[in-house]
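Participant: For reference, the chains in residue letters:
Number of protein chains: 2
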Amino acid sequence: MDGAESLVRTLVAGGVDVCFANPGTSELNFVSALDKVDGMRCVLCLFEGVAAGAADGYARMANKPASTLLHLGPGLANGLANLHNAKRAQSPVVNIVGDHASYHRVYDAPLTADIEALARPVSSWVRTVTDARSVAVDGAAAIAAAHAAPGQVATLILPADTAWNEGSGVASVPRVPPRPAVASAIVEATARILRSGEPTVLLLGGVSLRTEGLALAGRIAAKSGAQLLAQTFNARVERGAGRVPVERVPYFVDQALAVFKEVRHVILVGARAPVAFFGYPGKPSALTPPGCDIQTLAAPHEDLTGALAALAEAIGAPRAAAWPVDEPPRVPTGGAITSDALAATLGSLLPEGAIICDESLTTGQSFFPMTYAAAPHDWLQLTGGAIGDGMPLATGAAVACPERKVISLEADGSGMYTLQSLWTQAREGLNVITLIWANHAYAILRHELANVGAKNPGPKALEMVSLGNPELDWVSLAKGMGVEGRRVETVDELVRAFRAGIAVRGPFLIEVVL
Amino acid sequence: MDGAESLVRTLVAGGVDVCFANPGTSELNFVSALDKVDGMRCVLCLFEGVAAGAADGYARMANKPASTLLHLGPGLANGLANLHNAKRAQSPVVNIVGDHASYHRVYDAPLTADIEALARPVSSWVRTVTDARSVAVDGAAAIAAAHAAPGQVATLILPADTAWNEGSGVASVPRVPPRPAVASAIVEATARILRSGEPTVLLLGGVSLRTEGLALAGRIAAKSGAQLLAQTFNARVERGAGRVPVERVPYFVDQALAVFKEVRHVILVGARAPVAFFGYPGKPSALTPPGCDIQTLAAPHEDLTGALAALAEAIGAPRAAAWPVDEPPRVPTGGAITSDALAATLGSLLPEGAIICDESLTTGQSFFPMTYAAAPHDWLQLTGGAIGDGMPLATGAAVACPERKVISLEADGSGMYTLQSLWTQAREGLNVITLIWANHAYAILRHELANVGAKNPGPKALEMVSLGNPELDWVSLAKGMGVEGRRVETVDELVRAFRAGIAVRGPFLIEVVL
Chain A
12 MDGAESLVRT LVAGGVDVCF ANPGTSELNF VSALDKVDGM RCVLCLFEGV
62 AAGAADGYAR MANKPASTLL HLGPGLANGL ANLHNAKRAQ SPVVNIVGDH
112 ASYHRVYDAP LTADIEALAR PVSSWVRTVT DARSVAVDGA AAIAAAHAAP
162 GQVATLILPA DTAWNEGSGV ASVPRVPPRP AVASAIVEAT ARILRSGEPT
212 VLLLGGVSLR TEGLALAGRI AAKSGAQLLA QTFNARVERG AGRVPVERVP
262 YFVDQALAVF KEVRHVILVG ARAPVAFFGY PGKPSALTPP GCDIQTLAAP
312 HEDLTGALAA LAEAIGAPRA AAWPVDEPPR VPTGGAITSD ALAATLGSLL
362 PEGAIICDES LTTGQSFFPM TYAAAPHDWL QLTGGAIGDG MPLATGAAVA
412 CPERKVISLE ADGSGMYTLQ SLWTQAREGL NVITLIWANH AYAILRHELA
462 NVGAKNPGPK ALEMVSLGNP ELDWVSLAKG MGVEGRRVET VDELVRAFRA
512 GIAVRGPFLI EVVL
Chain B
12 MDGAESLVRT LVAGGVDVCF ANPGTSELNF VSALDKVDGM RCVLCLFEGV
62 AAGAADGYAR MANKPASTLL HLGPGLANGL ANLHNAKRAQ SPVVNIVGDH
112 ASYHRVYDAP LTADIEALAR PVSSWVRTVT DARSVAVDGA AAIAAAHAAP
162 GQVATLILPA DTAWNEGSGV ASVPRVPPRP AVASAIVEAT ARILRSGEPT
212 VLLLGGVSLR TEGLALAGRI AAKSGAQLLA QTFNARVERG AGRVPVERVP
262 YFVDQALAVF KEVRHVILVG ARAPVAFFGY PGKPSALTPP GCDIQTLAAP
312 HEDLTGALAA LAEAIGAPRA AAWPVDEPPR VPTGGAITSD ALAATLGSLL
362 PEGAIICDES LTTGQSFFPM TYAAAPHDWL QLTGGAIGDG MPLATGAAVA
412 CPERKVISLE ADGSGMYTLQ SLWTQAREGL NVITLIWANH AYAILRHELA
462 NVGAKNPGPK ALEMVSLGNP ELDWVSLAKG MGVEGRRVET VDELVRAFRA
512 GIAVRGPFLI EVVL
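Order-wise, the sequence lines are chains A and B. Here the first sequence stands for residues 12 to 525, numbered as in the numbering used here. Here the second sequence stands for residues 12 to 525, numbered as in the numbering used here.
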């Protein structure tokens, strides 16, 4: 078997059985191996940003890596923004990049680029295969690196000759060490803070936002009075009826500063110390006030759930904590579409097990509170701020969970970065409802102009944050990629369309005129 | 004035008066300065790959740089593939990338990335501004670096605080040294090769493919019998009636090897030694046979036209050389659309001064010969092999040359990488006809499967090179972005649509069903 086949066999044997691919000539031996090996699902994407973002979404829902297949330096380059998001989400990804045959690189043919240099800023592990006989071992090492806690992007660069020359069979994946436990001294120090009764935030990140971690955090809060908060942007939150509700640190800096104003202690559970998304003139970067103490209970790669369990035990938290159970909102009726009407539509109609991929920055702020009592669901966010992750995330999540309904919340501005996702959704028959907020603007930038000191922006500046000329027609864009779409202008139309989207098996797009 | 305004003023004063932008929060001070400074045209792009490719196309036609405006590491990442193409085209580009405020970087907010590391592989010059008072000087240095022969990508990283803090006025651009002349000993050595009468190729690249260089090369060929060839992929060739016709080195390796089989000398004029685009099992990387001598008359950054003039003088080339003038092809009529019918349509109907942006790899091979006698025009190609350059190139070329008709030759596969270009074409009313060859496949990869040793590809492999499920509907995609489109299935429909596109002022798309 050639090196490419030994890699595909190693991937499948190592549990990596989905590949999001945009191949070129250098990757054709890998592509060719797909027919020789059972068990690898290869999903074609028409742009590498879709492939990278889909691998991220897949990993968040499958709790294991998919692989990508990208074409040399430029193909990797097109995937970097969403690999940046995957890195910030701590998603395991086996990022496979083809390269020229090793002997061909010195000729500096047009596609030659420094792939390792491009890969390093987004990867925790980078290796270039040097011999076809080591492809399998290198592939297995990449799988292990991707799985290393809390989850990493592992980039494996595969020169074409190491793919077509004779390989050496299948390699097994080295043992991945479990998440290290948190020392009892740290747990005890954290317990002392909670016992002090001083205003304290328990800031949750990573897997502490899954059902088990949230339940533990809820018990700790019930006993101690600490406030639970999630980071502003999270890879995945398990939410809805029966889960402990948790609000996020607000995105806008003034609101975020207000949240922490009286706080004396922040306890980090797989979270980072809270900082502003951007620097702004005259505003601090750290969101916590001077004198506020920051205590790390558990770093992102440590055993977050174990640490929370130990902390709950240490403070004598009750076995079960009751949370006020709101009724879900009613299905909205009549009138124009507002942000609240959107939130109520989601909160009332969300099917059980829905997966929400949320890239709606300005429109989506009210969605979180209105969906606490919705049917149980997962909420995935843009983690690295690299716009254009939402539709690829939805694509990957739908591949990971074919029986669940994926709801992709997009704005027209962010949706345009990776709209090619819709074609893959159509091709694979993926169960995704895409909601596009057609506000015809980079709305968040309109808001931000004043924050960076650009008062009274003139017409040329305003034109740079406007998408109104011409207005995008998302129903036509979707049609062009084989996806059924509908444009809605009233709440009743929205509700009807959302219900239709739930009933459809396969992708569906709703352009929501705001 | 703030640092951003001092930069915009420096750019305009330095002749950089077009900016292809996809701004975010960190770039809003730059955006805001647009209303305070006359003379900067800022063109909004909905994806950074469009902005980067448009800057490339603009530079090729305007012979000077545009600037970009990109949002931090991920925004740069999305532009890298087309910056790679710009680098390979030797296009001058002032690539401006916003960054976090300098004091904010240590907080490692979600968008933080190593921008310099990402920029270096595609840039000949990289500088991060460290003080608002040096923004103008740094900007002027970036302009000079971009202009340095033969043309470079110069990346200027602008932390937000250096944009909003007080700047220091306008800086003037340092003098850019002219292209160095070629030593007379080199010219004489090259003349001796030509006098030998042995089979010789004069391989042309860069500005030697403009009218003046081609005329000189034609005279040299007339006297010496040397064969003229252009590189396979060229930034810009001036062609058509009255220009010396020149064939390119074929893309496919077997054809290219055949071209050089009997050649004893290759003389490089701003060109690189000819190499295969990819390595293939059992095939050489160098296209020239063993024993073939490669002589550099002029390196890309040297005075190519001067070197050709000196060489023509040295061998006593005639003052003027007559080239056989073919008739342009007739307007084709009737029947199904073939590659030859497409070529004849272009060759017969091309308006004078047309700019062809050619990203059609498989379909476009016969276009070159059929357009030698067409009305004078420019031909721009994908130079770095990073797919997704054609439509952005066309966008930038149309901004540079508003009175000329731009013809964008695309395939459905490559067009999908940066289809957002159409929106900018609509917004700016750009004079672009986009022809999409709808072959519903990565056709070149079908061809290449056998070349890399992947014989008898199975159904899964073939599916990875097929775009047929679902078929893309480009008329709907264009409509979604405000561009009129038409689908044609016969030669007569094609000719009618092409004539309609020429008559339209503004963008127009023709989906050509093959």
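It is worth saying that the hints were derived from the structure and are not from the lab. A few of these clues could be false.
Because identical chains share one entry, a pair is satisfied inside a single copy or across any pair of copies.
[Unchecked claim] Pairs of lysine-lysine, DSS-like flavour, derived with a Cα cap of 25 Å: (1) LYS75 - LYS466; (2) LYS47 - LYS234; (3) LYS471 - LYS75; (4) LYS47 - LYS471; (5) LYS466 - LYS294; (6) LYS47 - LYS272; (7) LYS47 - LYS466; (8) LYS272 - LYS294; (9) LYS294 - LYS490; (10) LYS75 - LYS47; (11) LYS490 - LYS75; (12) LYS471 - LYS272; (13) LYS272 - LYS234; (14) LYS294 - LYS234; (15) LYS75 - LYS272; (16) LYS234 - LYS471; (17) LYS490 - LYS234.
Bear in mind that the values here come from a model prediction, so they are computed numbers and not experimental data.
Participant: Work down the list of hints and note, for each, if the structure agrees.
Facilitator: Structure-based check of each hint:
1. Taking the shortest alpha-carbon separations for LYS75 and LYS466, neither the intra-copy value of 47 Å nor the inter-copy value of 33 Å comes in at or below 25 Å.
2. Taking the closest pair of Cα atoms, LYS47 and LYS234 never come within 25 Å of each other, the shortest separation being 58 Å inside a single copy and 58 Å across copies.
3. Taking the shortest Cα distances, LYS471 and LYS75 sit within 25 Å of each other only across copies (23 Å), while inside one copy they are farther apart (47 Å).
4. Proximity of LYS47 to LYS471 under the C-alpha cut-off of 25 Å is restricted to the inter-copy arrangement: shortest distance 9 Å between copies versus 57 Å within a copy.
5. Taking the closest pair of Cα atoms, LYS466 and LYS294 come within 25 Å of each other only inside a single copy of the chain (16 Å); across copies the shortest separation is 62 Å, beyond that limit.
6. Taking the shortest Cα distances, LYS47 and LYS272 never come within 25 Å of each other, neither inside one copy (61 Å) nor across copies (38 Å).
7. Taking identical chains as interchangeable, the C-alpha atoms of LYS47 and LYS466 lie at most 25 Å apart only when they sit on different chains, with a minimum of 12 Å there against 62 Å within one chain.
8. For the identical chains of this complex, LYS272 and LYS294 are intra-copy neighbours only, at 14 Å inside a copy versus 68 Å across copies, given an alpha-carbon limit of 25 Å.
9. Proximity of LYS294 and LYS490 under a CA criterion of 25 Å is satisfied in neither setting, with 45 Å inside one chain copy and 44 Å between copies.
10. In this assembly of identical chains, LYS75 and LYS47 lie within 25 Å of each other by CA distance solely inside one copy; the values are 24 Å within and 52 Å between copies.
11. In this homomeric assembly, LYS490 and LYS75 never come within 25 Å of each other (Cα to Cα): the closest approach is 33 Å inside a single copy and 40 Å across copies.
12. For a Cα distance limit of 25 Å, the shortest separation of LYS471 from LYS272 qualifies neither inside one copy, at 38 Å, nor across copies, at 58 Å.
13. Taking the shortest Cα distances, LYS272 and LYS234 sit within 25 Å of each other inside one copy (23 Å), while across copies they are farther apart (84 Å).
14. When the C-alpha separation of LYS294 and LYS234 is checked against a cutoff of 25 Å, the pair qualifies neither within a copy, at 35 Å, nor between copies, at 72 Å.
15. In this assembly of identical chains, the alpha carbons of LYS75 and LYS272 never lie at most 25 Å apart, being 39 Å within a copy and 52 Å across copies at closest.
16. Within a single copy, LYS234 and LYS471 get their C-alpha atoms no closer than 55 Å, and across copies no closer than 57 Å, so neither meets the 25 Å cut-off.
17. Within a single copy, LYS490 and LYS234 get their C-alpha atoms no closer than 54 Å, and across copies no closer than 59 Å, so neither meets the 25 Å cut-off.
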